[in-house]
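Keeping their order, the protein sequence lines are chains A and B.
What the first sequence shows, in this note's numbering, is residues 1 to 234, in sequence order.
What the second sequence shows, in this note's numbering, is residues 1 to 108, in sequence order.
If you are wondering where the hints come from, they were derived from the structure by calculation, not from laboratory data.
All figures in this text were calculated on a predicted structure; none of them were measured in a lab.
There's no promise every hint is true.
What the hints assert, rightly or not - Now the in silico label distances, taken between C-beta atoms and shown as ranges:
{"id": "1", "chain 1": "B", "residue 1": "18", "chain 2": "A", "residue 2": "96", "range": "29 to 35 Å"}
{"id": "2", "chain 1": "B", "residue 1": "99", "chain 2": "A", "residue 2": "221", "range": "38 to 44 Å"}
{"id": "3", "chain 1": "B", "residue 1": "42", "chain 2": "A", "residue 2": "109", "range": "37 to 43 Å"}
{"id": "4", "chain 1": "A", "residue 1": "221", "chain 2": "B", "residue 2": "84", "range": "34 to 40 Å"}
{"id": "5", "chain 1": "B", "residue 1": "99", "chain 2": "A", "residue 2": "214", "range": "23 to 29 Å"}
{"id": "6", "chain 1": "B", "residue 1": "99", "chain 2": "A", "residue 2": "59", "range": "54 to 60 Å"}
{"id": "7", "chain 1": "B", "residue 1": "107", "chain 2": "A", "residue 2": "96", "range": "54 to 60 Å"}
{"id": "8", "chain 1": "B", "residue 1": "35", "chain 2": "A", "residue 2": "35", "range": "21 to 27 Å"}
{"id": "9", "chain 1": "A", "residue 1": "214", "chain 2": "B", "residue 2": "81", "range": "38 to 44 Å"}
{"id": "10", "chain 1": "A", "residue 1": "105", "chain 2": "B", "residue 2": "35", "range": "27 to 33 Å"}
Said to hold, decoys possible - Calculated Cβ distances over 10 Å to all of chain A for the following chain B residues:
{"id": "11", "residue": "17"}
{"id": "12", "residue": "18"}
{"id": "13", "residue": "26"}
{"id": "14", "residue": "86"}
{"id": "15", "residue": "87"}
{"id": "16", "residue": "105"}
To be verified - Heads up, incomplete: computed chain B residues facing chain A, CB under 8 Å, no partners named:
{"id": "17", "residue": "1"}
{"id": "18", "residue": "5"}
{"id": "19", "residue": "8"}
{"id": "20", "residue": "32"}
{"id": "21", "residue": "33"}
{"id": "22", "residue": "50"}
{"id": "23", "residue": "53"}
{"id": "24", "residue": "54"}
{"id": "25", "residue": "58"}
{"id": "26", "residue": "63"}
Note that CB positions come from ideal geometry on N, CA and C, so glycine has one too.
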Amino acid sequence: MTRFACDLHIHSCLSPCADDDMTPYTVAGIAKLNGLDMAALCDHNSCANVKVFLDACRHYGIIGVPGMELTTAEDIHAICLFPTLEQAKIWDETVERHRVLIRNRAEIYGRQVLIGADDEPCGEEEHLLVNATTLSLSEAAKLVRRLGGAFYPAHIDREANGILAILGALPEEPNFPTVERRDGAAYADRRVVKASDAHRPWEILEDGCPIELAADKDDAQGARDALIQLLEEG
Amino acid sequence: MTVGSLIEALGLRAFALPDGARELGGGYTGDLLSWVMGRAKEGCAWVTIMSNPNIVAVAHLCNAACVVLAEGVAPDEGVAESALGRGVNLLGSELAAFELSAKIQALL
């Protein structure tokens, strides 16, 4: 087993609430400086900056994980992680069909900046990304898991969009062997992933959440596969 | 007023009606289940747009007389069956939560 220092919930400048400084190369570079081995990009309801992020992670020698922070129909924030970019793209297309299109007002919500291969802005997403999709928690869990991804509730220790505030308790179905907390504290018998939910460069975890995986640090794909499997294991 | 007569008065849809003779006493409107648990009173009509299975557990916990899903929301898969199994009356209406709550209040 190898211990990976991880931050599995980081936003890029595509999320309206995140700093414009959070370009994929900046995120990956700071993750590297902070000593992380693995980082996941989880923008709200979109994987559009994931490809550049994976390139940036390779560039800096850390393992990038394709991800998204989905807002379900119940207004619950859930982390969706995938072993490959291809799976994330399929999920992105699915979510796209379930978005409720409200034009973004950048002066209120913030800009939603798309980044090109050169880490420079190449456009803006015109519809707001943070609002609830029409995918229910159970539907979304089923679809992500069928695609081979991991699906678990984000920041359960937060009132806004946290599953405990919204549903009162973890549901029996779908089952969540893993939950994310910002403080990393234990929660019942669940595996707790501590993650930053960083919207600004200095919020990215400095020490990382330690996760033991049956993979080597130079085997990025093996590590991603082992991570997804671990997160979904009861 | 009973749950059965509320259904009749407002033309509600019954997804599960294990106890239509249940007496209504008051109402509560809200969607954050952590709030509802601490505030909805026994015997109330609880108006919500939340369709997740946890609404059955919360209604059971507060001993609500019925849950009324507003805005034409349908219960998630298996929720009506679970409501029936736990003796929770689960109803639905096309009205928005505000209008529905006002109409229920006027009837009480």
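Evaluation of the provided hints:
1. 18/B to 96/A: 29 to 35 Å: Violated, at about 41 Å.
2. 99/B to 221/A: 38 to 44 Å: violated, 54 Å
3. 42/B to 109/A: 37 to 43 Å: holds, 41 Å
4. 221/A to 84/B: 34 to 40 Å: Check failed, 47 Å falls outside 34 to 40 Å.
5. 99/B to 214/A: 23 to 29 Å: violated, 57 Å
6. 99/B to 59/A: 54 to 60 Å: holds, 56 Å
7. 107/B to 96/A: 54 to 60 Å: violated, 43 Å
8. 35/B to 35/A: 21 to 27 Å: About 40 Å separates the Cβ atoms of residue 35/B and residue 35/A, which means 21 to 27 Å is violated.
9. 214/A to 81/B: 38 to 44 Å: Given about 41 Å between the Cβ atoms, the range holds.
10. 105/A to 35/B: 27 to 33 Å: holds, 29 Å
11. 17: holds, 23 Å
12. 18: holds, 20 Å
13. 26: holds, 20 Å
14. 86: holds, 13 Å
15. 87: holds, 18 Å
16. 105: holds, 25 Å
17. 1: violated, 28 Å
18. 5: With a closest approach of 30 Å, the residue 5/B hint is violated.
19. 8: violated, 30 Å
20. 32: For residue 32/B, the interface hint holds, since the closest Cβ of chain A sits about 6 Å away, which is under 8 Å.
21. 33: Holds. Min distance 3 Å.
22. 50: holds, 6 Å
23. 53: holds, 6 Å
24. 54: This hint holds: residue 54/B lies near chain A, its Cβ roughly 4 Å from the closest one there, short of 8 Å.
25. 58: Holds: closest Cβ of chain A sits about 6 Å from residue 58/B, inside 8 Å.
26. 63: It is violated, given that the least Cβ distance between residue 63/B and chain A is near 15 Å, above 8 Å.
In this structure, the earlier hints numbered 1, 2, 4, 5, 7, 8, 17, 18, 19 and 26 are contradicted, and the remaining ones agree with it.
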